[in-house]
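There are 2 protein chains.
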Amino acid sequence: MGDLTGDDIQIKMFEPGEIVPPFSVLDAVAEGKVPAGLAVTAYSAGSFPGLSLLTTGYPFGLDTRGIAGWYYVGGGKEITQKLLNQAGVHGFMCIATASEAGGWHREPIETVDDFKGLNFRVGGIGGAVLNKLGASTTTLPFGESFSALEKGVIDGAELSLPSVDSVLGVQKIAKYLYFPGWHTRAAMAHFVVNLDVWNGLTATQQAQIEDACDAVMLKHFVVTDSLQSDALRKIEEAGVSLLTYPDDVLAALRTASEEVMAEQSAADEGFKEVYESMRAYHESLGTWINLRTVPEAN
Amino acid sequence: MGDLTGDDIQIKMFEPGEIVPPFSVLDAVAEGKVPAGLAVTAYSAGSFPGLSLLTTGYPFGLDTRGIAGWYYVGGGKEITQKLLNQAGVHGFMCIATASEAGGWHREPIETVDDFKGLNFRVGGIGGAVLNKLGASTTTLPFGESFSALEKGVIDGAELSLPSVDSVLGVQKIAKYLYFPGWHTRAAMAHFVVNLDVWNGLTATQQAQIEDACDAVMLKHFVVTDSLQSDALRKIEEAGVSLLTYPDDVLAALRTASEEVMAEQSAADEGFKEVYESMRAYHESLGTWINLRTVPEAN
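Heads up: the sequence lines are chains A and B, in that order. The opening position of the first sequence corresponds to residue 21 in this note's numbering, with each subsequent residue numbered one higher. The opening position of the second sequence corresponds to residue 21 in this note's numbering, with each subsequent residue numbered one higher.
Looking at chain A on its own, in the form it has when it is part of the complex (with noise of 0.2 Å):
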């Protein structure tokens, strides 16, 4: 941001807990304790269920470059506007990474069946899709997950990205890492700054700050895209099976997800507003999706 506006905006930035603990960016912002973070909005979706799907989108739902795309021609800037203003603060897209794994396994999923009665780390939206298919899951820290996937206690792990997961090494302790990500398409976080704070810009001070974040959201999903690749070749050479969930599998994941989005919708408005808009531009999109892709020659 130095380069950017001559040293008229200057950003420090500290490390998750070092001033503020990495579950609460985004309250820690809106009371002002720090003027600005980048937030995982997800983790104040108690009070604001919808920030859930501003963080991961929905099941089976827009890709990364689909999530961009709601953002910013598919009226998706203006619900997050909206959403972060009543957690109090103003804020934009400023990060989306590419898909997620589906999950590592200790054992091969083969049929349907074989979700039920396994014990599958996962967090939110993906655990109630999974609940609904007979598993136990459970939301462990990555570092529980790590242990009690070694020690057999979960039979499998939904973690994060494939970059991520192997450094953490978990391709010492689990054999199988299914794809896609059909939980999270995409991985967002939000720079978000201080209403009061934010008021008190200049327009050209906010124009540059919007950009940055349009900037920083490119770059960020080609080099995770780019990341994957290495991370791949290392997972395999540790003798990991690279698999991709039976077609009849993904179609059960796919029906159960679109049972756990009816419900939750009704149960919040917000949710529903952002579900039905995400929902709404994926469906404009899909015919094109698939008529413009070629698939890859390897």
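A few of these clues could be false.
Note that the list lumps identical chains together, so a pair holds whenever it fits in one copy or between two copies.
In silico BS3-like links for lysine-lysine, alpha-carbon gap of 30 Å or less [to be verified]:
id, residue 1, residue 2
1, K97, K254
2, K239, K254
3, K97, K32
No lab work stands behind these hints: they were computed from the structure. Predicted model, so just to flag it, every value in this text is computed and none were measured.
Dock chain B against chain A, hints included.
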């Protein structure tokens, strides 16, 4: 740019042809006739063949998301700078659209043999590929292609994005629109600045121009995705069948494309450098692209 820079940099836009002919923007900027411009670099490919790949990528190559990855993290930016500097300008990839359509046809394409003797309008590398399958190709300008197609002088035409073609009204005269756009998986334009002008800018001004291009890149390709949905509906309503080339036709086009790329790489060092760089990045991503993808439901 006025908002972003507090009016330090202001850009006055001129339409193609208003002060510089549309095909010579890059040359006019290099010669200092105008300080900067938005250039289709392929129009200067006579002197620098690699510039054609900077405009369209290569057949069956990286799509828009992949091209952005190549540019930002796959070494593409450095190669782009080198080629643009050779051509007398400094510049950045600033626009990358969604894929083009494969082509409009008066009759269905059911086998590879249907390309034999077909009179087809297509520009650049795509034409050399179709020649290998026995088609006669021409690079008629857009306007003339329309009337040639109407009169049956040509049997088909590759033109642009569905959103552009539908405004021209091509749906009234050809009833089959084929996908995917194997020859132009993304279409790029570059913001180019005269070398002396560029070197006279401050570091902040240079960073602001680069950052603005990054922000435009992202918005442009998600906007062009969004525009295709409406265009396809309009095209279908005019009685056009939206089809996909059969798998064996695509396989033959892929093989012929690889032959053409090998020939053109052998003929020019700059072309070879761009192609090998794009291809290496694409190959590194291939497995990941297949694993992350979920086919659309509709």
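query: Which numbered hints turn out to be false for this structure?
result: Structure breaks no hint.
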